[in-house]
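Engineer: If you're matching them up, the sequences are chains A and B in order. Counting from 1, position 163 in the first sequence corresponds to residue 163 in this note's numbering; the numbering is continuous, with no gaps. Positions in the second sequence are counted from 1; adding 1000 to them yields this note's numbering.
It is worth saying that the hints were derived from the structure and are not from the lab. Treat each hint with caution, since some may be false.
[What the hints assert, rightly or not] Pulled a few chain B residues facing chain A out of the computed Cβ check, cut under 7 Å:
(1) Glu1019
(2) Leu1050
(3) Leu1061
(4) Arg1098
(5) Val1102
We put the CB at the ideal spot given by N, CA and C, even for glycine.
Residue strings, one per chain:
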Amino acid sequence: MTRAADSRIAQARADEASEDALLAQSWRQGDQRAAECLIRRHFPALHAFIASRATAAHEAEDLTQEVFAAVSRQIAMYRPEVPFAAWIHGIARNKIADAWRRHRPTEVLEARHEGIDERSPAQLHEAAESAATAWKEVFAKLPEPQATALWLRVQEELPLEAIAAALGVTLANAKVLLFRARQTLANHWKSRSPS
Amino acid sequence: MTDPNEPVFTNACEAMQWEISQALDERRPLPENASLHIASCPECAHFARLWRDGGGPAAALGREPVFDPALCQRVLDRTLRGGVSAPRIATLSTHLTRWAAVGAFAALSWWLLDPREGSPRVRRAPRPEAPRLASPSISLDRQLARIEQRGDREKEVLRNAMIDGTARFRDVLAWSSEALE
Chain A
1 MTRAADSRIA
11 QARADEASED
21 ALLAQSWRQG
31 DQRAAECLIR
41 RHFPALHAFI
51 ASRATAAHEA
61 EDLTQEVFAA
71 VSRQIAMYRP
81 EVPFAAWIHG
91 IARNKIADAW
101 RRHRPTEVLE
111 ARHEGIDERS
121 PAQLHEAAES
131 AATAWKEVFA
141 KLPEPQATAL
151 WLRVQEELPL
161 EAIAAALGVT
171 LANAKVLLFR
181 ARQTLANHWK
191 SRSPS
Chain B
1001 MTDPNEPVFT
1011 NACEAMQWEI
1021 SQALDERRPL
1031 PENASLHIAS
1041 CPECAHFARL
1051 WRDGGGPAAA
1061 LGREPVFDPA
1071 LCQRVLDRTL
1081 RGGVSAPRIA
1091 TLSTHLTRWA
1101 AVGAFAALSW
1111 WLLDPREGSP
1121 RVRRAPRPEA
1131 PRLASPSISL
1141 DRQLARIEQR
1151 GDREKEVLRN
1161 AMIDGTARFR
1171 DVLAWSSEAL
1181 E
């Protein structure tokens, strides 16, 4: 990818982040359309993030619901200095940890995306499924903060500062988490591939 | 100059991979030494291919996640129509409910245990007279006078022990009397 393309992506992300901040401000003042717009915008990534760590489709759905309910309750506490995506991922992390503390899931993930197959075109579905499987593997292989840092970087394309804020770590720690995640996965994939 | 936050590297490849990782996160081109190293090191070339070029298994990580509009709609309905869409009002009503509950409890308690003479709804059980403990009558002066007659060192130790012990004994008695009352 060229530097120009990189900077265009960064600019687009910055625009999205400022739009998010405005929508969140309206949501705080009780604007339901702003709330709906924010939820629709962040639902796919957040649900996929949760699904990567949940063991069943219904668990992912319930947790996603819980996260948005918590976002709705806590929207007054949102500060626009942190990107909205980073903020809701922080809430999602806590909800996932709570769910694991409540009951460690025992079900095997079999029908995680049941009901989705008919809705998506076959090719898109296949790609999405491979992404879901890949992320499932990432979350199984890496320590949670590393996997979440990588998710926020790759899927959300968040800048380092936002990743650090979402994880509650310093900028330097966020860099190290990303490096360790990449290193572990590179070694893992290398050892798995036939030489 | 070394950054104190840099991880400790066990070999040159790790240091190069750290450079690549940082360059990716800071959206800057690879440093020249890293590019040269990649050209001659298959391990680091593999690392760069995965994360810089999005090749191999890492490619799947960047794909769009599954998006089910029906599921999104369900979540929207439950979140926004479930009465949690107006956080300020919800918070206020929660506080009002709590204060109302506290007020009702206080009123009920007042009604049941009306402190006015002759009107309690719940009669207090008659309590037996609490036995009072007599306050200690220890003649400290007399004991100290006896100590005066002993050797200096011994006197000092005994004197301190007496003062300390008496004070503690009085504390215990006072506490016991209060507890019995």
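Engineer: Does arginine 1098(B) pass the interface check with chain A, least Cβ-Cβ distance below 7 Å?
Structural biologist: Interface hint status for arginine 1098(B): violated (16 Å vs cutoff 7 Å).
Engineer: Holds or violated: valine 1102(B) as interface residue toward chain A, Cβ cutoff 7 Å?
Structural biologist: violated (22 Å)
Engineer: May I ask you to test the interface hint for leucine 1061(B) with respect to chain A, counting a Cβ-Cβ separation under 7 Å as satisfied?
Structural biologist: Holds. Min distance 5 Å.
Engineer: Checking hints one by one. Is glutamate 1019(B) an interface residue toward chain A, by the C-beta closer than 7 Å rule?
Structural biologist: With a closest approach of 10 Å, the glutamate 1019(B) hint is violated.
Engineer: Taking the least C-beta to C-beta distance, is leucine 1050(B) closer than 7 Å to chain A?
Structural biologist: holds (5 Å)
Going down the numbered hints, you'll see the structure goes against 1, 4, 5, while the others check out.
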